[in-house]
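> This is what each chain is made of:
2 protein chains.
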Amino acid sequence: MDTALPPVNHQHVAFDDGFVLECGVALKRLVVAYRTYGRLNADRSNAVLVCHALTGDQYVAETHPVTGKPGWWEMVVAPGAPIDTDRYFVICANVLGGCMGSTGPLSPRDDQEVATPWGTDFPPVSIGDMVRAQKRLVEHLGITRLFAVVGGSMGGMQVLEWAATFPEMVFAAVPVATAAYHTAQNIAFHEVGRQAILADPDWQGGRYWESGRIPARGLAVARMAAHITYLSEEALSRKFGRRLRPGPNLAHGGLTMFGEMFEVESYLQYQGSTFVQRFDANSYLTITRAMDQFDLIAEHGGDLSRAFAGTRTRFCLVSFSSDWLFPTAQSRAIARALNRAAANVSFVEITSDKGHDAFLLDEPDFHRTLAGFLGGCAEHAGLPA
Amino acid sequence: MDTALPPVNHQHVAFDDGFVLECGVALKRLVVAYRTYGRLNADRSNAVLVCHALTGDQYVAETHPVTGKPGWWEMVVAPGAPIDTDRYFVICANVLGGCMGSTGPLSPRDDQEVATPWGTDFPPVSIGDMVRAQKRLVEHLGITRLFAVVGGSMGGMQVLEWAATFPEMVFAAVPVATAAYHTAQNIAFHEVGRQAILADPDWQGGRYWESGRIPARGLAVARMAAHITYLSEEALSRKFGRRLRPGPNLAHGGLTMFGEMFEVESYLQYQGSTFVQRFDANSYLTITRAMDQFDLIAEHGGDLSRAFAGTRTRFCLVSFSSDWLFPTAQSRAIARALNRAAANVSFVEITSDKGHDAFLLDEPDFHRTLAGFLGGCAEHAGLPA
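Top to bottom, those sequences are chains A and B.
For the first sequence, my numbering gives the first residue as 317, with consecutive numbering after it.
For the second sequence, my numbering gives the first residue as 317, with consecutive numbering after it.
Isolated chain A (complex conformation) (with noise of 0.2 Å):
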């Protein structure tokens, strides 16, 4: 399969009894690429599903390999870290759609006699799919009830899924960061990132692989878009400012002034550049878009707290102050929900300046909750310490 990511042979699982999607279409064969830390308790009790979001992956806690970086969460999930890997086992999906192993764009299409790339030929999945996938995976491991699943922005999506869905095998939910539907505002960011690729004439109507050449500028600045937005106006100004930094002499005189260029332009061009060498841009499209279609509220007849009726799973939400992407009133509502609902539910919103990448960042704050919440919610699920 030719594509710009380098080939890794990730450790993966493979349904072939198939996978319906909710759009209706019958994949028949469904790969779930994963990674898992700590060690399964005897009675299969201590398992921790962690979601990642929408550029994430499933190297949660080791070097990427790929891009040779630390885990994305390696602050979070560690031995003796808020999600102990000493106490619990962390299992790690990459979200069906995705491209680092899991059944998505890059995968040889299965409706066909020759196998080329499903491409954008590859069927529209849905936050739930990707639930569901997850969940293929977690009783293929021999576990019929998560002691928590954890989750930030897209992840979060994924954990209030879980819980909605399928609650009995959620004992506790830590949605981060996150909301039960994608607003007007973030479906916009999306779209702005989609035309960006769509736009790049080396995306060549999905079928890049047949060139060789990917649509790399245009997904570099969907990346370059989606970033701004994970950061806050207070984190950029802090970071970066209005500091000038030496810029390329360009010909075309107009692009820069005095020859400098300001740093936060060198900051996202240098994201976008990166980003990449890491992530296929028909993967990029197909999940932004499942992102969007997320809609708890409307898929429960306008009112979430159907989503939890009856439900025992134990939830603690998580915002951040500076976080205007999925801002604290996001989390607010579904914390009402809960509560509406008669859920256990614990909310914090965690005072931050760094927007709504916090999630992904050394807030202690944000990590003692964690903690907190995981500790308490073990000692009555009766975990061993």
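Honestly, the hints are just simulated from the structure, not real lab data.
Hints are supplied without guarantee of correctness; some may be wrong.
Since the list gives no way to pick one copy over another, a pair counts as held whenever it fits inside one copy or between any two copies.
Unchecked claim - With a cut-off of at most 25 Å between alpha-carbon atoms, the simulated DMTMM-like pairs for lysine to aspartate or glutamate come out as follows: (1) 555 to 402; (2) 385 to 611; (3) 344 to 526; (4) 385 to 427; (5) 555 to 611.
Please build the complex by placing chain B on the supplied structure of chain A, with the hints as guidance.
Coordinates of chain B only, in the frame set by chain A:
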């Protein structure tokens, strides 16, 4: 000159004695395209200069010659309106670097034998350059003092620059929805737009007039990203929410689910596609760069009050509560600096859920504020009612 913009003979004045830009480049010729409304009184004391925003132009209060749409501020500039054309003589000039007739990247370059357009070789311009070009026009019209200078967003930057640089020429100043400097977040959003343009192969290093193909897709993406920042989350939710409409039934199924798209996506795509019919990509690069460079605080040694020391100009600052691009805090900082300079200043935050765009929309509170302030100033200036 082969460009995508239809040829229109914009009303203009040409200065053939040259114009030295802040960057040091000396233009041999300066053309300022402009429109006026109302009548200049006998002692030339009733002139109001309106300064337009990034993608605005001089067609304030009349049908636009390219788009055929109404002027962008017809609600504000008209007989009996807040900027009453029965009372005031209103001038609006296309900014230096623009694409509606003033000297800019579409103009023939004057530093070579063969007159091709400047394109991206057009030198970088500043907000200060724009204002000095307007000053040439104002003087050409025989006006030595403007009764008022009014503008929103980048227009507001020009108002501040006018008041700081030529205080004796400005009796009253109304900077609306603006800031004394462009923040890191605002620069970041502009950079996404610029990268989208540069990523379009039809940009062709800025020499797109040679092939006759303009970077329409890149410019459309830039416009889409910017447009989101002009609206508030509330406005987007109210206008579009998560409403669906029939979408293109694309072969690539991953792009639509059940053949539908969100209304907000369709709206943004429309905004992008119509923008490219009236705006030049190189102008967009030049003008966004001018905005990014604007920093009246740094220019005055870190103390904005020095920009206005001893001023006798009367100021009315206006912000809108849901404007997150130029938030109220930015206007408040200007008001405080003016207070430190012992200036005559009033500051009004208009409650609105329409975001930055509110300054262009039907906001009765804003219009009443503007009318009242100008009326009071006119009395002080001794203008006949």
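> Hints first: check each against the structure and report whether it holds.
Checked hints:
1. 555 to 402: neither (35 Å within a copy, 50 Å between copies)
2. 385 to 611: neither (34 Å within a copy, 37 Å between copies)
3. 344 to 526: The answer is within: 24 Å in one copy meets 25 Å, while 51 Å across copies does not.
4. 385 to 427: The answer is neither: 36 Å in one copy and 50 Å across copies each exceed 25 Å.
5. 555 to 611: between (34 Å within a copy, 18 Å between copies)
Checked against the numbered hints above, the structure breaks hints 1, 2, 4 and satisfies the rest.
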